Amino acid sequence: MTEVVATNQTILVVGGGISGMTAALEAAECGKEVVLIEKNPALGGRVSQLYRYFPKLCHPTCGLEINQRRVKQNKRIRVLTMAEVTSITGSPGDYTASVKIAPRFVNENCTACGDCGDAAETMVDDAFNYNLGKVKAAFLPSRMAYPQRYVVDPSVIGTPEADKIKAACKYDAVDLAMQEETVQVKAGAVVWATGWKPYDANKIQPYGYDRFANVITSVEFERLSDPHGPTGGKILRPSDGKEARNVAFIQCAGSRDENHLRHCSRICCMASLKQTNYMREAFGDEGKSTIYYIDIRAIDRFEDFYQKVQADPNVKFIKSKVARILEDKDGNPVLHGVDTEGYHRYATPHDLVVLAVGMEPSVSAANIPAEIVSDSSGFIEQDQANGAIFGAGCAANPLDVNRSVQSATASALRAIQVINRVARAEG
Amino acid sequence: MSIEKYTRNFLKEVEERVEEGHWVKMCMQCGVCAGSCPLGAHWEHTPQKIFMMIRAGKREEVLSSDSMWMCTSCYQCIVRCPRKLPITHIMHGLAYLAKREGLAPKNQPTAQFGQLFWDNLIKTGRVNELKLSLGMYFKDGFSQGIKNAMAMQSVGMGMMKAKRLNPMEIMGGHGVKDKSGFQAMLKKARELEDGRRKLA
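From first to last, the protein sequence lines stand for chains A and F.
Each residue of the first sequence is one higher than the last, beginning at -11 in this note's numbering.
Each residue of the second sequence is one higher than the last, beginning at 257 in this note's numbering.
If you are wondering where the hints come from, they were derived from the structure by calculation, not from laboratory data.
Since we're looking at a predicted model, the values are computed, not measured.
Note that beta-carbon positions come from the ideal geometry of N, C-alpha and C, so glycine has one too.
Wrong hints could be hidden among the right ones.
[To be verified] Covered by chain F, according to a simulated footprint, are these stretches of chain A (three or more residues, beta-carbon under 8 Å):
id: 1; segment: 84 to 94
id: 2; segment: 146 to 159
[To be verified] For lysine to any residue, the following SDA-like pairs were computed, each having C-alpha atoms within a straight-line distance of at most 20 Å:
id: 3; chain 1: A; residue 1: 307; chain 2: F; residue 2: 436
id: 4; chain 1: A; residue 1: 154; chain 2: A; residue 2: 103
id: 5; chain 1: F; residue 1: 281; chain 2: A; residue 2: 324
id: 6; chain 1: A; residue 1: 191; chain 2: A; residue 2: 324
[Stated by the list, open to error] The calculated label-pair distances, taken between Cβ atoms and stated as ranges, are:
id: 7; chain 1: A; residue 1: 301; chain 2: F; residue 2: 449; range: 53 to 59 Å
id: 8; chain 1: A; residue 1: 199; chain 2: F; residue 2: 449; range: 41 to 47 Å
id: 9; chain 1: A; residue 1: 95; chain 2: F; residue 2: 285; range: 57 to 63 Å
id: 10; chain 1: F; residue 1: 400; chain 2: A; residue 2: 333; range: 27 to 33 Å
id: 11; chain 1: F; residue 1: 365; chain 2: A; residue 2: 45; range: 56 to 62 Å
id: 12; chain 1: A; residue 1: 274; chain 2: F; residue 2: 295; range: 37 to 43 Å
id: 13; chain 1: A; residue 1: 394; chain 2: F; residue 2: 271; range: 37 to 43 Å
id: 14; chain 1: F; residue 1: 316; chain 2: A; residue 2: 231; range: 50 to 56 Å
id: 15; chain 1: F; residue 1: 295; chain 2: A; residue 2: 201; range: 28 to 34 Å
id: 16; chain 1: A; residue 1: 331; chain 2: F; residue 2: 449; range: 46 to 52 Å
Kindly generate the complete structure, drawing on both the sequences and the hints.
Below is the structure:
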């Protein structure tokens, strides 16, 4: 049974991505008790799935490693992974959350030696790589997973393979009898930081994400570019494994569109500009990028980055929202549309198309198990009516990493104020 | 130019005088309408270009363009427009304004057909399909008309067999019972529309 000691002076942080980790750390380092809930088997969220990130195009190992170390060293943070909040009742200063914890089938004895993975044979979808590859049914969620602990996929439980996996462990860490459990967590305030998910590209019918192998999303392109990703960092197109040297990036794939997401997702322009750098890194002058856009919205301090990409002769900008994609006989996606600078009609083949998909809240506010005020896109509004439940990061707005961290810090402060009030009242 | 004296702000005029014209300013120039139009390659100006020309005050170029006459009302542009502009309706509204202002392109087949259809309809309150077809066949002269009729012969015969085309309609054809009431209704409707759109 998972023991969670929490009181109404505890801050419950829901979501263990960059925002949740930040909120948890800021609160804990101010002396507050924190319970940090993460749905996945490891912390880090979508940032850990990037190849490089802004502002300095570091690998996410950089910023996340520091945060993981801070979490590990801080006795005030209790981390629950594979856990989801199913209900929140009560009022500011006195909440009770039900937390459902899925079985990992691996306990804290795990040293991440990998023997169980060697013993496993079944291959399962690799969620960390957006299902671009497969992993063994006993796997480490990612290289830098925190906690650094294996997971046994539920699909093999009850099979002889599970017994083999258990037998392979020298540390008695595989526990096949683990059951799903629900625990109650008391909290004075809640920081809701469940982040974002990429918009479902299948819904953008004219782009054929569901029909054409060589139409992928921007988050998948991050995994293709990562040396630790499914292709070992080679930018190979899915249909035939050919190097994709001529790549089209389509902006506003789902964003700023009354038929899809009403809002501007803010990050996608910078993400595509960044990804043209991956092309240069991979192929030098042989790597051609074309960005199809309505307008480039280079947020934050990054106008200079945009200008640098504009000056790159290997990057072409076409002011046009692509109308539709067809495929030629060689499997090349062919982009059709009309540009706005001269109104030229084009039908241009590329090796690979990357849809800069929009950002939607991973848990829409309507599905948060508490009364939450939200905007028309399902992002949490800052509103008195939310009591002491505070939205942070991409649960509250489409934000880049920098602004998510600012948003999370602000939410931590609001939560701390509630806890201080509770503490004063209790003497 | 006299036309420029007539109005200094064409966008405002479109907003007032064209059906759904107030949407024009919402266009963000993404171009999805142009790329999605099945006949787009045959238009003089694409819809997003028309909208930009309206904003730029190019009244004569817009109203004399053949673009809005090329629209077949397939509604693909409306379905895909990220800002939900009723592009089809705006196109028809612009065509109507162009027609009323006498700027519609000459010999534009859709415009010619529209006029024939209207003239045909208002006489009796019913469309006389025989006269309408003949009118289209012979719009470019007698010999071209004979050629058109010969080319369409099998279709015409088929329609007659299926009782969709009555050769006796040449005598005057069928109509509504209360022709004068029907025409009074049209007159009133036109008065109302003209008043609303300042077309009188």
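Next on the checklist: For residue 281/F and residue 324/A, compute the direct alpha-carbon distance and say whether it is at most 20 Å.
Outcome noted: The given pair, whose Cα atoms are some 25 Å apart, is violated under the 20 Å limit.
Next on the checklist: With the threshold set at 20 Å, check whether the alpha-carbon distance from residue 307/A to residue 436/F stays at or below it.
Outcome noted: Violated. Residue 307/A to residue 436/F sits at ~55 Å, over the 20 Å cutoff.
Item to check | Status of the given 53 to 59 Å range, CB of residue 449/F versus CB of residue 301/A | outcome: holds (56 Å)
Checklist entry - Do residue 400/F and residue 333/A keep their Cβ atoms within the hinted range of 27 to 33 Å? => result holds (32 Å)
Item to check | Distance restraint evaluation - residue 199/A, residue 449/F, Cβ atoms, bounds 41 to 47 Å | outcome: holds (46 Å)
Checklist entry - At the C-beta level, are residue 274/A and residue 295/F separated by a distance inside 37 to 43 Å? => result Since residue 274/A and residue 295/F have Cβ atoms about 39 Å apart, the given range 37 to 43 Å holds.
Next on the checklist: Quick check on a hinted range of 57 to 63 Å for residue 95/A and residue 285/F, using CB atoms only.
Outcome noted: holds (59 Å)
Next on the checklist: Taking 46 to 52 Å as the stated bounds, is the beta-carbon spacing between residue 331/A and residue 449/F within them?
Outcome noted: Violated: the Cβ-Cβ distance is about 32 Å, outside 46 to 52 Å.
Next on the checklist: Using C-beta distances, would you say chain F covers the segment 84 to 94 of chain A, given that this needs three or more residues below 8 Å?
Outcome noted: violated (count 0)
Checklist entry - So does residue 316/F sit 50 to 56 Å from residue 231/A, Cβ to Cβ? => result Taking Cβ atoms as reference, residue 316/F and residue 231/A lie about 52 Å apart, which means the hint holds.
Checklist entry - When you check the alpha-carbon spacing of residue 154/A and residue 103/A, does it fall within 20 Å? => result holds (10 Å)
Checklist entry - Is it true that residue 394/A and residue 271/F lie within 37 to 43 Å of each other by Cβ? => result holds (42 Å)
Hint violations for this structure: numbers 1, 2, 3, 5, 16, all remaining hints satisfied.
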